[in-house]
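Visitor: These are the residues of each chain, in order.
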Amino acid sequence: MGVREIYGRSDYAIIGELVEPGTRVLDLGCGAGELLAWLKENKKVDGRGVEMVSADVQKAIARGVSVYQGDLEPALEDYPDRAFDYVILSQTLQQTQHPLKVLRGMLRIGRRAIVAFPNFAHWRVRMAHLSSGRSPQTELFPYEWYDSPNIHFLTVLDFEHLAHKEGWNIQRRVFLAGHRSVTVLPNLMAEVAVFLFSAS
Amino acid sequence: MITQAAIATFDSLDLDCGVTLAPVDVAYETYGELNAAKSNAILIEHAFSGDAHAAGDDGWWANMIGPGKGFDTDHYFIICANVLGGCRGTTGPGSVNPATGCPWAMAFPPITIADMVRLQKKLIDDFGITQLLAVAGGSMGGMQALEWAVAYPNSVRAALPIATTARHSAQQIAFNEVGRQSIMADPDWNDGNYYDQRPPARGLSVARMVGHITYMSDESMRQKFGRRVRAGQNKFEVESYLQYRGSQFVERFDANSYIYITRAMDSYDLTQRGSLPKLFENIKTRFLVLSFTSDWLYPAYQSLEIVSALRSRNCDVAYCNLTSQYGHDAFLVEVNEQTELVRGFLASTFREATA
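Going down the list, the protein sequences come from chains A and B.
Here the numbering used here is used: position 62 in the first sequence is 62, and no number is missing along the way.
Here the numbering used here is used: position 193 in the second sequence is 193, and no number is missing along the way.
Don't take each hint at face value.
Only part of the chain A face toward chain B is listed, based on derived beta-carbon distances under 10 Å [claimed, not checked]:
id: 1; residue: 23
id: 2; residue: 24
id: 3; residue: 43
id: 4; residue: 79
id: 5; residue: 107
id: 6; residue: 108
Label pairs and their in silico Cβ distance ranges [as the list claims (entries may be wrong)]:
id: 7; chain 1: A; residue 1: 184; chain 2: B; residue 2: 333; range: 35 to 41 Å
id: 8; chain 1: B; residue 1: 353; chain 2: A; residue 2: 42; range: 49 to 55 Å
id: 9; chain 1: A; residue 1: 149; chain 2: B; residue 2: 37; range: 35 to 41 Å
id: 10; chain 1: B; residue 1: 3; chain 2: A; residue 2: 42; range: 52 to 58 Å
id: 11; chain 1: A; residue 1: 44; chain 2: B; residue 2: 11; range: 56 to 62 Å
id: 12; chain 1: A; residue 1: 124; chain 2: B; residue 2: 35; range: 39 to 45 Å
id: 13; chain 1: B; residue 1: 218; chain 2: A; residue 2: 44; range: 44 to 50 Å
No lab work stands behind these hints, which were simulated from the structure alone.
Using N, Cα and C, we set each Cβ at its ideal position, and we do this for glycine too.
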């Protein structure tokens, strides 16, 4: 099955489908606010964002999206409990200092959380690691070990394992390889995993 | 651009100090046209030494207000009024006290930022505007924008407090006090009674020189002046610049207004009325808060204090710390970046207002 794209990103398209209309949404690491602008326009959400990079924040605000410039980890602490219906973290979890703290924070301030992350157990990553004997470099993980923004590598199974341990209720799982959705052997075949989950 | 300049007179104004001023004049200018629904009005708040002349030739924010600019007069109706206590047409210490027939001088009652805003509310009511699309301003103008949102939350759809604070810091009070002491140390000040004689030009000029230093940054001064010497004058460029700015200021500003307005800024502390999160509890106003990286007079942490409190109440707030080398002056100078932000923010606010 093919997957649509929003601003050239299929994870955005999946998230766009998961979010119900008219809800309150916080996008952590929202970049230039593309997803929020799309959600505002198409799902009439009340959207907010957090982004560290000044140039991206400026673009987002110029788009009419309310974005706060700051580091997402301390930023999470300011929001009141249950402030949002969805808290989104797309392609950023692997870059956070304290991923578990971030995930718990997301579930504190949001009724539901959506995370999308690159799957470190994808077969290409496994092959790259096996064949080169070096830290794997793939299209998904294009960086040298010394300049990678990714500091916590996780797999589909890792996330499932953590969710079970924490007692989270995973409501939706979507797995992607390029622009196609993956239905079999996601831990091996998925490049990107999207989870919609709640605290219980 | 359709421009109007006028003075409105109101019967009275109750001040925070308990005194009632009667009557009160407000000098203001407007740019653009108020639409039939009166939903496109934006109040621009000037900073400490500004006035109602915000746009057009020599307007203090002319690069931000006008056709096609950040505050686009083709779409919005822009109002800018001289503040209470000012010396550019609005009632202040230089105005005549009706009880004596002489200038108020230091007998003028002490004023606050809230008093300034209360007077502006009368002006806005007079226009028949029930809700401003936005209130915007930098520095002391930002304090007024913040005050508007707290005092009249239902009258302000969006607020743009720029390079400002919810409460003056010790450092900000300190620089203002140096300015006031400089004026008062000038024998021509004469306890504020100089309106029929020579004004305290030397004291006011030195006060302004100190002010200008605080508006710049080490980096911007290095680039603008360095150690260059003015040819034939045996004087550093920076000395010459400050002296010129000081002497220019004396031509257009009243020393007693300097004292009254700086005291209003120094006394500003929103937290005296409750914690910021508590004050922002029921605010529906959207916020765009901006600070500048090299602004050491109104540092980013002061903007962040406002933004954190807004976020803790889940208010709709956008915040950006813009990169600039111009220090506090950046809000007047960094036009390109601010233009895009302001335009986008206002457009989405207006869209939601009319949806």
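Visitor: A separate judgement is required for each hint: does it hold in the structure or not?
Guide: Consistency of the hints with the structure:
Hint status for residue 23 of chain A relative to chain B: violated, with the closest Cβ pair at about 14 Å, above 10 Å. The closest approach between the C-beta of residue 24 of chain A and any C-beta of chain B is roughly 8 Å, which is under the 10 Å cut-off, so the hint is satisfied. For residue 43 of chain A, the interface hint is violated, since its Cβ never comes within 10 Å of a Cβ in chain B; the closest pair sits about 15 Å apart. At a threshold of 10 Å, the smallest CB-CB gap from residue 79 of chain A to chain B is about 6 Å, leaving the interface hint in force.
A hinted interface residue such as residue 107 of chain A counts as satisfied when its beta carbon comes closer than 10 Å to some beta carbon of chain B; here the least separation is about 16 Å, so the hint is violated. Residue-level restraint check for residue 108 of chain A is violated (minimum Cβ-Cβ distance to chain B is 13 Å; threshold 10 Å). With their beta carbons about 59 Å apart, residue 184 of chain A and residue 333 of chain B fall outside the hinted range of 35 to 41 Å. The supplied range of 49 to 55 Å is broken by residue 353 of chain B and residue 42 of chain A, whose beta-carbon atoms lie about 21 Å from each other.
For the pair residue 149 of chain A and residue 37 of chain B, the supplied restraint of 35 to 41 Å is violated, since their beta-carbon distance comes to about 48 Å. Residue 3 of chain B and residue 42 of chain A have their C-beta atoms about 41 Å apart, which leaves the hinted 52 to 58 Å range violated. At about 46 Å, the beta-carbon gap between residue 44 of chain A and residue 11 of chain B misses the expected band of 56 to 62 Å. At about 58 Å, the CB distance of residue 124 of chain A to residue 35 of chain B disagrees with the hint of 39 to 45 Å.
Roughly 48 Å separates the CB atoms of residue 218 of chain B and residue 44 of chain A, a value that falls within the hinted 44 to 50 Å.
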